[in-house]
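Peer 1: Sequence:
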Amino acid sequence: MPMVTLVKTIDVSRLVKVSKRKHLSFNMLMCWCIGKAASQIEEFYKLPENGKFYQYDQLAVNVIVNNKNGGINSCDIAFTNDLLQFSKDHAELTRKTTDECKSFFLEDKMVVGTSAMIDTELDCIVNQYTEQFCNPMVMWGKYRKGLFKTMLPVSFQFHHVQMDGGHGARFLENLQAEIRKFLT
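Counted from 1, the sequence shown has number 108 at position 108 by our numbering; the numbering is strictly sequential.
The set of hints was computed from the structure by calculation and includes no laboratory data. Ideal Cβ positions, reconstructed from N, Cα and C, are used throughout, including at glycine. Honestly, I wouldn't trust all of these hints.
Claimed, not checked - Just the calculated beta-carbon pair ranges, DEER-fashion: (1) Tyr54 x Arg144: 31 to 41 Å; (2) His160 x Asp123: 16 to 26 Å; (3) Glu42 x Asp119: 13 to 23 Å; (4) Lys52 x His23: 42 to 52 Å; (5) Asn81 x Lys17: 14 to 24 Å; (6) Gly166 x Gln55: 15 to 25 Å; (7) Lys52 x Cys101: 24 to 34 Å; (8) Leu6 x Asp108: 26 to 36 Å; (9) Gly51 x Glu107: 14 to 24 Å; (10) Asp119 x Leu147: 21 to 31 Å; (11) Ile118 x Arg180: 20 to 30 Å; (12) Arg21 x Phe53: 19 to 29 Å; (13) Gly166 x Asp99: 41 to 51 Å; (14) Leu6 x Glu42: 14 to 24 Å.
As the list claims (entries may be wrong) - In silico PhoX-like pairs for lysine-lysine, Cα to Cα no more than 20 Å straight-line: (15) Lys181 x Lys68; (16) Lys149 x Lys20; (17) Lys109 x Lys52; (18) Lys88 x Lys20; (19) Lys68 x Lys96; (20) Lys181 x Lys149; (21) Lys20 x Lys142; (22) Lys17 x Lys142; (23) Lys109 x Lys88; (24) Lys8 x Lys109; (25) Lys22 x Lys181; (26) Lys17 x Lys145; (27) Lys22 x Lys109; (28) Lys46 x Lys109; (29) Lys145 x Lys8; (30) Lys149 x Lys17; (31) Lys149 x Lys8; (32) Lys181 x Lys8; (33) Lys68 x Lys102; (34) Lys17 x Lys181; (35) Lys20 x Lys145.
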């Protein structure tokens, strides 16, 4: 599995402010920005799997949810440019996943995985991939508050057959740009 991991520290000051002012989940806002940034890059709609290349028309963002029994489940949320709709879907689906302790998958969409370990400041996360999971994955820990900025190290891992390092770097630049212009 030719996997590539890029790490970049991004300024999430605007998302933190919006999260607090609008009473929206920071992680939901991150997921929406990830979907927005990924939707601008053609390679995100392709998935190498079992020696084949699949093309998708739509994206989804996956989140890992702590369920009510103390375990975790996976939850796919269809990406839409409509933040209010994405927020509503995110709240409804993660609540359902938490309560039912069952994973929720969207088989007809290309899924960008996320994993947020917000209780710990992390410098980098590298996931071990298997043939079962070839989707791109964005991971982060706890953001770091500074005097004027709030920064967040982000790890982005992807299959090298799906995209090159330049596409991955462009995604991270797009992510930073989406966060900077968020609700301006």
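Peer 1: Check each numbered hint from earlier against the structure, then list the numbers of those it violates in ascending order.
Peer 2: 3, 12, 15, 24, 27
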